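A.B. asks: Full structure from sequences and hints, please.
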Amino acid sequence: MTDPALWSAAERAAFDARRRSRNLALGILLAALTVLFFGITMVRMVPPSGEVQAKLQAQKPGWDGR
Amino acid sequence: MNTAQTSEPLSTAPVTAFADWRDYFALLKPRVMTLVIFTAACAMVAAPGQLHPFLAFVSVLCVAVAAGAAGALNQWYEADIDALMKRTANRPLPAGRLAAGEALTFGIVLSVGSVMIMGLALNWVAAAWLAVSIGFYVFVYTMWLKRRTPQNIVIGGAAGAFPVLVGWASVAGDTPLMAWVLFGIIFLWTPPHFWALALFMEADYSKAGVPMLPVTHGLAETRRQILWYSFALVACTLVPLPGITGLAGWAYGSTAIFTGALFIAFAVQVYRSTSVSSAEMFAEKRLFKFSLFYLASLFGALVADVWLA
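Chains as they are written, first to last, in this note's numbering: chain A, 10 to 75; chain B, 1236 to 1544.
These aren't lab readings, by the way, just hints derived from the structure by calculation.
Treat the hints with care, since some could be wrong.
What the hints assert, rightly or not - Facing chain A, from chain B, some residues (calculated, C-beta under 8 Å): (1) A1254; (2) D1255; (3) L1290; (4) V1293; (5) G1354; (6) N1358.
Said to hold, decoys possible - Calculated Cβ distances over 12 Å to all of chain A for the following chain B residues: (7) A1356; (8) G1370; (9) V1375; (10) R1382; (11) T1451; (12) W1485; (13) K1524; (14) S1532; (15) A1544.
Remember, it's a predicted structure, so these values are computed and weren't measured experimentally.
Ideal Cβ placement from N, Cα and C applies to all residues, glycine included.
C.D. replies: Right, here's the structure in full:
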């Protein structure tokens, strides 16, 4: 890799543009991961449907703490 | 020095500047990923059970990222031979746009991340199959067999077949006979598909020193093997038919019979072909293109069966 101190203005501009695009991509990726984890948590935390609830109650009375 | 003989990965050009995000994306082999996503998604639809649409999306995403991670690790290891082939010389590592260490780290992070998310969000059976698929592709296919045996494609076919097990397990939590039949279809489809490609790309593989069947055993033997694998493939696709095991319906059954007959017909044309020049290998190119349509139509019909039921 050539010494950055020896870069021409055009090489410096190209380097900056690549670095900017990488940083932007990384930012989008982190935001997407946040949304992904939030979504997984929400879906997994949804209370069981009526049918599943009935099965659980039949297996273990008082499962809901009552 | 013959770089094709070295077992250590080698970046063949100096890294000139920081890579663009597109170079990282190219490491994931997005075109290969498409097929893996498609087959895994079809297996998810065909598997018995219900899955929340968001979790189904997460499952497909994990399969895609894992396939990409395996592709990145493959490119990290194969930078030396990629530099020798026209088709792959412009990839980020041989072209010198990325350092080998960056590609390795990228591949490892994505591999671990996809397996962990699959385990936490879906189930650990699917996560285990996902880990096996990455490990098989990287260690068994890329590092062990690809440069050592002309049967590399046969073994590599298993790596491409694991995603159907992952897709099925993410919905059903297990892998019954039908999941393994789908595995078998992709496993047996891979040799005729890639050997057809290898026939008209033989010069490239020969230059890179990769022991592909046309390079080691000649064109005639490759054509014979394509025909035998085509018979085995079509036989495997008939297993789920109503009246045999009844695991699939008639939308799948009629598609498997019709397209299977065409596949055999094209494979016979390849077997009879005597072309030695890539430009004249029309039968081989036709089989290669048709094989893509064939796999897509089989899995598409499987989904249609579920929707029609």
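A.B. asks: It remains to establish, for every hint, whether it holds in the given structure.
C.D. replies: Tested hints:
Because the closest C-beta pair between A1254 of chain B and chain A is about 7 Å apart, less than 8 Å, the hint holds. For D1255 of chain B, the interface hint holds, the least distance from its beta-carbon to any beta-carbon of chain A being 5 Å, beneath 8 Å. For L1290 of chain B, the suggested interface contact is upheld, since its CB lies about 6 Å from the closest CB of chain A, less than 8 Å. The restraint placing V1293 of chain B at the interface with chain A holds, with a minimum CB-CB distance near 6 Å, inside the 8 Å limit.
The beta carbon of G1354 of chain B comes no nearer than 12 Å to any beta carbon in chain A, farther than 8 Å, and the hint placing it at the interface is violated. With 8 Å as the threshold, the beta carbon of N1358 of chain B stays out of range of chain A, its nearest partner Cβ sitting at about 12 Å, so the hint is violated. Residue-level check failed: A1356 of chain B sits 5 Å from the nearest beta carbon of chain A, not beyond 12 Å. Consistency note on G1370 of chain B: stated as away from chain A, and its beta-carbon is indeed over 12 Å from all of that chain's, at 24 Å minimum.
Under the 12 Å C-beta cut-off, the non-interface status given to V1375 of chain B relative to chain A holds; the minimum distance is some 30 Å. A cut-off of 12 Å between C-beta atoms confirms that R1382 of chain B is not in contact with chain A; the least separation is 30 Å. Distance to chain A confirms T1451 of chain B as a non-interface residue, since its nearest Cβ pair spans about 39 Å, more than 12 Å. No beta-carbon of chain A is positioned within 12 Å of the beta-carbon of W1485 of chain B; the least distance is around 32 Å.
With 12 Å as the threshold on Cβ separation, the claim that K1524 of chain B sits away from chain A holds: the shortest Cβ distance comes to roughly 34 Å. The beta carbon of S1532 of chain B is kept farther than 12 Å from every beta carbon of chain A, the shortest such distance being approximately 32 Å. Residue-level check passed: A1544 of chain B sits 21 Å from the nearest beta carbon of chain A, beyond 12 Å.
Taken one by one, the earlier hints fail for this structure at numbers 5, 6, 7, listed in ascending order.
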